[in-house]
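Asks: So the protein sequences, as listed, match chains A and B. Read left to right, the first sequence gives residues 1 to 449 (the working numbering). Read left to right, the second sequence gives residues 1 to 607 (the working numbering).
These are computed hints drawn from the structure, not numbers from a lab. Being a predicted model, the structure only gives us computed values, none of them experimental. Warning: the hint list may mix true and false statements.
Pulled from the structure, derived: some chain A residues nowhere near chain B, Cβ distances all over 10 Å [unchecked claim]:
no. : residue
1   : V6
2   : L42
3   : C98
4   : G190
5   : Y442
Computed footprint of chain B on chain A, listed as stretches where at least three residues anywhere in the stretch have a Cβ under 8 Å from a Cβ of chain B [as the list claims (entries may be wrong)]:
no. : region
6   : 167-174
7   : 202-214
Built from N, CA and C at the ideal position, the CB exists for glycine as well.
The primary structure of each chain is shown beneath.
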Amino acid sequence: MNFSEVFKLSNQLSRFSPNGKFLASCVQYRLVVRDVSTLQILQLYTCLDQIQYLEWSADSLFILCAMYKRGLVQVWSLEQPEWHCKIDEGSAGLVASCWSPDGRHILNTTEFHLRITVWSLCTKSVSYIKYPKACQQGITFTKDGRYMALAERRDCKDYISLFVCSDWQLLRHFDTDTQDLAGIEWAPNGCVLAAWDSCLEYKVLLYSLDGRLLSTYSAYEWSLGIKTIAWSPSSQFLAIGSYDEKVRILNHVTWKMITEFGHTATINNPKIVIYKEMEKSQNLEMENLPFPPTKAAASSLFNTESKYEVVSSPVSLQTLKPVTDRPNPKIGVGILAFSPDNCFLATRNDNIPNAVWIWDVQKLKLFVVLEHLAAVRSFQWNPQQARLAVCTGRSQVYLWSPAGCVSVQVPAEGDFQVLSLCWHRSGDSMALLSKDQLCLCYLESEGIK
Amino acid sequence: MGDWKTITVPIPSSESKNISQFTSETNMSPSSLYSQQVLCPSLPLAKSVHSFFRAFCTEENVDQSISYLDQELTTLGFPSLCEESKGKEVKRDLNIVAVLNCIHELLVLHRKNLLAQENVETQNLKLGSDMDHLQNCYSKLKEQLETSRREMIGLQERDRQLQGKNRNLHQLLKNEKDEVQKLQNIIASRATQYNHDMKRKEREYNKLKERLHQLVMNKKDKKTAMDILNYVGRADGKRGAWRTGKTEARNEDEMYKVLLNDYEQRQKQILLENAELKKVLQQMKKEMISLLAPQKQKPKEKAEDSPGAVQSDVEEDTSELSKENMWELSCETVREQLTNSIRKQWRILKSHVEKLDNQVSKVHLGGFKDEEVISRQDHEQETEKLELEIQQCKEMIQTQQQLLQQFTTACDDDTSSLLQDCYLLEEKERLEEEWALFKEQKKNFEKERRSFTEAAIRLGLERKAFEEDRAGWLKQQFLNMTSFDNKNSESAFSGSSDQDNLTLYSKPGQKFYSVSSESSLCTSKLTKSLPVSPSTSELFQTIHHLSTNSRVLNVTTEDTKPNQVGRECTTQRWSMASRSDSQEGGCSGSRSLACTDSSIEHRDGLP
Numbered sequence: 001m002n003f004s005e006v007f008k009l010s011n012q013l014s015r016f017s018p019n020g021k022f023l024a025s026c027v028q029y030r031l032v033v034r035d036v037s038t039l040q041i042l043q044l045y046t047c048l049d050q051i052q053y054l055e056w057s058a059d060s061l062f063i064l065c066a067m068y069k070r071g072l073v074q075v076w077s078l079e080q081p082e083w084h085c086k087i088d089e090g091s092a093g094l095v096a097s098c099w100s101p102d103g104r105h106i107l108n109t110t111e112f113h114l115r116i117t118v119w120s121l122c123t124k125s126v127s128y129i130k131y132p133k134a135c136q137q138g139i140t141f142t143k144d145g146r147y148m149a150l151a152e153r154r155d156c157k158d159y160i161s162l163f164v165c166s167d168w169q170l171l172r173h174f175d176t177d178t179q180d181l182a183g184i185e186w187a188p189n190g191c192v193l194a195a196w197d198s199c200l201e202y203k204v205l206l207y208s209l210d211g212r213l214l215s216t217y218s219a220y221e222w223s224l225g226i227k228t229i230a231w232s233p234s235s236q237f238l239a240i241g242s243y244d245e246k247v248r249i250l251n252h253v254t255w256k257m258i259t260e261f262g263h264t265a266t267i268n269n270p271k272i273v274i275y276k277e278m279e280k281s282q283n284l285e286m287e288n289l290p291f292p293p294t295k296a297a298a299s300s301l302f303n304t305e306s307k308y309e310v311v312s313s314p315v316s317l318q319t320l321k322p323v324t325d326r327p328n329p330k331i332g333v334g335i336l337a338f339s340p341d342n343c344f345l346a347t348r349n350d351n352i353p354n355a356v357w358i359w360d361v362q363k364l365k366l367f368v369v370l371e372h373l374a375a376v377r378s379f380q381w382n383p384q385q386a387r388l389a390v391c392t393g394r395s396q397v398y399l400w401s402p403a404g405c406v407s408v409q410v411p412a413e414g415d416f417q418v419l420s421l422c423w424h425r426s427g428d429s430m431a432l433l434s435k436d437q438l439c440l441c442y443l444e445s446e447g448i449k
Numbered sequence: 001m002g003d004w005k006t007i008t009v010p011i012p013s014s015e016s017k018n019i020s021q022f023t024s025e026t027n028m029s030p031s032s033l034y035s036q037q038v039l040c041p042s043l044p045l046a047k048s049v050h051s052f053f054r055a056f057c058t059e060e061n062v063d064q065s066i067s068y069l070d071q072e073l074t075t076l077g078f079p080s081l082c083e084e085s086k087g088k089e090v091k092r093d094l095n096i097v098a099v100l101n102c103i104h105e106l107l108v109l110h111r112k113n114l115l116a117q118e119n120v121e122t123q124n125l126k127l128g129s130d131m132d133h134l135q136n137c138y139s140k141l142k143e144q145l146e147t148s149r150r151e152m153i154g155l156q157e158r159d160r161q162l163q164g165k166n167r168n169l170h171q172l173l174k175n176e177k178d179e180v181q182k183l184q185n186i187i188a189s190r191a192t193q194y195n196h197d198m199k200r201k202e203r204e205y206n207k208l209k210e211r212l213h214q215l216v217m218n219k220k221d222k223k224t225a226m227d228i229l230n231y232v233g234r235a236d237g238k239r240g241a242w243r244t245g246k247t248e249a250r251n252e253d254e255m256y257k258v259l260l261n262d263y264e265q266r267q268k269q270i271l272l273e274n275a276e277l278k279k280v281l282q283q284m285k286k287e288m289i290s291l292l293a294p295q296k297q298k299p300k301e302k303a304e305d306s307p308g309a310v311q312s313d314v315e316e317d318t319s320e321l322s323k324e325n326m327w328e329l330s331c332e333t334v335r336e337q338l339t340n341s342i343r344k345q346w347r348i349l350k351s352h353v354e355k356l357d358n359q360v361s362k363v364h365l366g367g368f369k370d371e372e373v374i375s376r377q378d379h380e381q382e383t384e385k386l387e388l389e390i391q392q393c394k395e396m397i398q399t400q401q402q403l404l405q406q407f408t409t410a411c412d413d414d415t416s417s418l419l420q421d422c423y424l425l426e427e428k429e430r431l432e433e434e435w436a437l438f439k440e441q442k443k444n445f446e447k448e449r450r451s452f453t454e455a456a457i458r459l460g461l462e463r464k465a466f467e468e469d470r471a472g473w474l475k476q477q478f479l480n481m482t483s484f485d486n487k488n489s490e491s492a493f494s495g496s497s498d499q500d501n502l503t504l505y506s507k508p509g510q511k512f513y514s515v516s517s518e519s520s521l522c523t524s525k526l527t528k529s530l531p532v533s534p535s536t537s538e539l540f541q542t543i544h545h546l547s548t549n550s551r552v553l554n555v556t557t558e559d560t561k562p563n564q565v566g567r568e569c570t571t572q573r574w575s576m577a578s579r580s581d582s583q584e585g586g587c588s589g590s591r592s593l594a595c596t597d598s599s600i601e602h603r604d605g606l607p
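For reference, chain B alone in the conformation it holds in the complex:
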């Protein structure tokens, strides 16, 4: 039992050690057959056990085997299988109960052993995989170690190189420093030399100058002279005074006067500036006092601590100040007082402001907390409320819009009158005037329109005559042309005759322009539309339209107003039509068709 325990229960130390222990145990223990059997009871082993048992006990050696077993079992610590009788010579009986017990115990043991074996096997497996893993780890770590070692070596190499470089640079720096020092020394020496040289040169120069001066002076240069017609008076009208000690003294005096004046002026300026600054200070102080006075009363009531004391000081000061009216004075004591009091007040103000800041920040913090507490409930409520309101408002707006529309559609007159009522009197008058003017214009327009319709009728008549003429002419032409080949005729028409036609058509139009030149835009539009309109009947129809309804006239004229391109297009179209017309023998129906085409073109051409 003890052996098994040591085997089955692995010592929880390092796993490798455990394994080695396990293996060594299995190899080295002088375990009996039993234990070995127990240790590795795989299926083939079980068979062998079976065969062993068969071989072990036969009919003949039952007693021997029993005794053997009994011995064995007793040595193993089991109760003996035989019942010991009173006499030794009496054959020992096999105690079945004991045997059964033994067997049972053995079975239990066997099961236990099997379990243990299983455990051990799984553990073995586990340990094996663990070992693999560890071995992998180990190899990896080894690699890592190798690489890091290599890296380290590289780094060390680099470090060494850098250090070498650094040493070089240090050397260079030192050299440079030396150089700089040398150069500075050189510069300094050069500078001194230069100065020395300069001085020497200057002295020489001075000597030369002196000599030159003497030469120039001694020569009594006759050229050096002033040639003047007559001397002029001094600017101040006085005569030049002799130079005496007096003049010198006077000059000094004057100089000092000038200086004194300057200083006086400056002093005045400074005094002024001072006064200004004092004024500012005074005002500041007053304002501070007025600002601080009401606030100080409250803390005084609560506790008479330091600010209160300061306040009393301040009050004293102020009273003093007000008594003496010390601003006029500029003696130092007063100045000190002033600055001190202002400083004190400034301190108070500062502390007060700080306090206020603190309070404000506290309030802010508190406020935030409160808000957070409220928010979730109130927010939702608020939003709901607001949404409701929005809905209501929208509805209101809709109803209002509807009402407005109704108003505008239903009672236009009413609203207009209302609106007119809204106008100022002047505006109303103006509008009336405009209205009258407009009416007059309308009348004029109507007159003009009438004349135009008359003209148009005349025109229509003329046109009809012309059309008939033309039809006759075309007929004749056609008849003439039938004698030629078809191709020829076509080419002739597509070529010159077409253009001839065009010119023919355009000419009467132009004539009309000239006739109705005095007319306004309206007529021109009409005439523009005229050369396009091919048949008199159509024209009559339009004229009829115009005459019957003036309003419609405006519309139609506008509609039929072509732009230049459109007109060209239509004329071309018309020429085409005329050609086909001429080919077919002047069928009026086709003409009208072309006309409709052209009118379509017009519409297309409109902007």
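In isolation and in its complexed conformation, chain A is listed as follows:
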């Protein structure tokens, strides 16, 4: 594995362009666009204030920079550096901004979720969508970019509106049988919309594109319910992670549960491979240390390297006792991700934060557990193959594939705490983001050892 040099960054704002050629990153109020292959700066744009959000348009031609505090959105063109566009939401304020899938419209959510303003870059037209619901995930676009689903709240009832993205025409509008809709998500095939209720009630509703209710699923009552959901890339499975530390998988034919994956703190099955991260015992040679320790030496003292070791089966994982008298307790399955080939599902149970569970979807069984020294911040599957990258906020990046797993120290000077990461679309490299730094990590094409 190779690492690039370290670049400055603020707010962890760095994105690969959808076509994979560019890398945009923000440093305070400046937007830097680099070539991914050479890392040369291609463009440098200066915004009016510190950038809080960054998004590429789907065709990689425009970049949106949102400054929520000022209620401003600035758009930059990569082809015409002199072209500029500034959208001011004025006194209505701004809390969220995003591109429409065609890359020619910008959807701005105003403060208090008063409305969503749809700005067009092609015409002067501005459209408003009223009553958007303030929830976990209120807007979702189909993968092909044709349709948008929007959660709405009117008269103390939840509704879902389906729009055609090409001309923002309302296609369907229907109410949902939910207490407090928490989120909506399209299946990757764009034909089924999953809507789930807030954590007070376990309820998933599945709607067809034409607004028909296909099915409702509820696993239990009277207890905290759904935390997160994820569609498999083939739209075949819907994984539901809930507060009872289980993942339930629904099938796409009957919309019934196929299986449930429990996340227990002790693992007894000897067939499950358990990798545990261990600190490498550094034999510090005291004589060789220079007396005023250099920066690198000092950082290496604090950042001990680590490695994975296979642990034999009766293993009890480190658990966290959730605080029950606070909202959003740290318990239950909070992160779910299917591998791009549908073969694996990676999960994290929030009260066992150091572990990543990897389930074999073909056998519907637990396959591997990775236990780390620190709490798992995020993980992402390689878009090309079954390879998972994990970061824990330490200076290591962890990679797992069915062949094995490896922990790699980021060889940056000083402390490079990997807080998040994102893969390049080719799957050959990924960007590692720390609090104020960015580093690219390249994998050898043959794959890691």
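Here the structure of chain A is known, so what remains is to put chain B in place on it, guided by the hints.
Replies: Chain B in isolation, oriented as in the chain A frame:
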């Protein structure tokens, strides 16, 4: 007699009762003297009887006593003692026979009575012990009863307590239930209130939102604007269309198209899956038929019962199926046919397998029986046979080993040649090459050895000269030293001079090292051994050895090869020797002794 019987023969009822009866009888019966006498005829009683008899009959009252006795006896049912004559007035004669008979009978009676008494006594004893035992038992049981009663009371108390507790717990449970009910009610009411509040709040919020929206909209906020350099084209290059009813319809159409596509795709997938499953079913069926067909023929011959009928059905089905090639179709009737036929066959297969299982189990059982019958005889025979075989085999092995040893010892060459013959040609060549190389090396070694021996001879000569020099020097030294005190000399020798000697000795050795530096290990070993060897004669001897026999040289060099410690040790030893030597005036004999010592040391030092 009747009385006695009742006394002697105890009624086999409860023993205590018996005893009481017995005692009462003895006390209360108005038995005559006789009976009493009979009852307790112990020794003193017998005496009294005797005295009584003496007092009873005297010379004077014989007749009276006879008559008395006669009377008595007759009343007791004995025949009278006197012979009754014809006339009453005639004095009655004592009939001796009768008397004797009477006496005999009395004796018999007496004996019987004694026996009975004995029995009664033993019984009495028995009964007494029984009674003791029973009394013990009784007291024990009483105790037990007492304890159990106490226990029972304790248990009852506990039970009562537990019941009290239980009642309390029930009460508590009831209270808790009430509480839960209350809490649930509270929760429910709170939930409704919360919902109500939420709705109210939300409505308020909505109102506020509405107002805010209106404010924001009405204000015509000039800030709310888009500042853009120039509008860009649409991604698809088309111009935006007007919103009309047509576009709406088109959108609907497209949506349904998307949906339809999805459903079509799904249907295709399902069809594919179905086809696969059908294929599997078909194959299974075929295999089943092929599997079952040969087996069904046999039972058919024997009896045409139900499986045969089923079989015919199956055959019909199969023929139909094969005719129609119905797998392509998916209509329900065909499906039913297929599933039915498969079910039938499955049933047949199942029954068949079960039958087979039964047969197998039967066979197993039968087999076990047979084996058991055979076992004892055959086992022994078998074991004997096997043991014999083992013995034979062992003998064979021994003879073979012996032969092998003979071979190896007797005809080494033969075997080696044989073995060599066994080698492949290439290997042989290689070996020959190696052999040649080895020979060359051997020659070289021999050359070297010769040169070494020459060098050693030279060395020996030099050493001899040196030795002589040294002897002279030592002598001089000694002569010088004799003037000093003995102690002084000793201390001087043990101190610096010793080391001087050592250095002196080691120096020539080193010289030799330098001289023979080009030589290989062999020489170094030689030289190592050199500083140790004290006398030239010894050296010569060894050299002679070396020169005469090369093989021995190897051995000796190896033998004499010292390790570092050994050498140090020997040098020290040598210094000691030299000291004593110097003290005694340089006696060569002692030197040689020391040398032997050192050689021993060498051997000890060898690993």
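Asks: Hint by hint, note whether the structure agrees.
Replies: Hints and how they fare:
1. V6: holds (35 Å)
2. L42: holds (19 Å)
3. C98: The claim holds: A:C98 sits with its nearest Cβ about 16 Å from chain B, beyond 10 Å.
4. G190: A:G190 is in fact no farther than 10 Å from some Cβ atom of chain B, at 7 Å.
5. Y442: holds (32 Å)
6. 167-174: Satisfied; 3 residues make the cut.
7. 202-214: holds (count 3)
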